[in-house]
Amino acid sequence: MLFNVRNFFSTAKLTWTSKQLLRHFWYGPPAQMNVHLKGRDLLTLQNYTADELKYLLWMASDLKQRIKHKGEYLPLMQGKSLAMIFEKRSTRTRLSAETGFALLGGHASFLTTQDIHLGTNESLTDTARVLSGMTNAILARVYKHNDLDIMSKEATVPIINGLSNLYHPLQILADYLTLQ
1 MLFNVRNFFS
11 TAKLTWTSKQ
21 LLRHFWYGPP
31 AQMNVHLKGR
41 DLLTLQNYTA
51 DELKYLLWMA
61 SDLKQRIKHK
71 GEYLPLMQGK
81 SLAMIFEKRS
91 TRTRLSAETG
101 FALLGGHASF
111 LTTQDIHLGT
121 NESLTDTARV
131 LSGMTNAILA
141 RVYKHNDLDI
151 MSKEATVPII
161 NGLSNLYHPL
171 QILADYLTLQ
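If you're matching positions, the sequence shown starts at 1 in our numbering and goes up one per residue.
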């Protein structure tokens, strides 16, 4: 992880004196980058290159500018669904994921351990397989990172780490975006 972050910052050409630390990620045309993110899990930022992280931040910034500030309607997730498994509750994570997915035209389903009995009456393997057949992605906030690893091996849709005992990639990306 530290290696990728160092690489990210060394290639990002940061300007610490400006008011917008990562200004070159701001909206507008993307830099020439050859990245392939479709269908990939987001379990940790260690699995992403500096260029891929820059592209994710550019995309987030561009969408935020176009939707929030320009009022554009961009139904990029129309007809798509997101399963959100929350072993650990979080108001901000739930609302930001649900709102963001809805703003892009998708539908998010909030599932707690009381709803799906994760690991009790239904195995992680079975849950990953069933949700893969009914949704387009799974966001999970879990106690054990190993649960995400198991789900990613069994799921046929991307698994997004909403928080685990080891990593919190969405928070790190949100923090980078905020620094803009």
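Hints should not be assumed to be uniformly reliable.
[Claimed, not checked] In the DSS-like style, the derived pairs of lysine-lysine whose C-alpha atoms are separated by at most 30 Å in a straight line are:
{"hint": "1", "residue 1": "153", "residue 2": "80"}
{"hint": "2", "residue 1": "88", "residue 2": "68"}
{"hint": "3", "residue 1": "70", "residue 2": "153"}
{"hint": "4", "residue 1": "88", "residue 2": "144"}
{"hint": "5", "residue 1": "80", "residue 2": "144"}
In short, the hints are calculated from the structure, not lab data.
Verification of the supplied hints:
Distance restraint check for residue 153 and residue 80: the Cα-Cα separation of roughly 22 Å lies within the 30 Å cut-off, and the hinted pair is therefore satisfied. Distance check on the hinted pair: residue 88 and residue 68 sit about 29 Å apart at the alpha-carbon level, within 30 Å; holds. Of the supplied pair hints, the one linking residue 70 and residue 153 is violated, its CA atoms being roughly 40 Å apart against a limit of 30 Å. A C-alpha spacing of about 11 Å is found between residue 88 and residue 144, which places the hinted pair at or below 30 Å, so the restraint holds.
Only pairs whose Cα atoms come within 30 Å are accepted, and residue 80 paired with residue 144 is accepted, the gap being roughly 27 Å.
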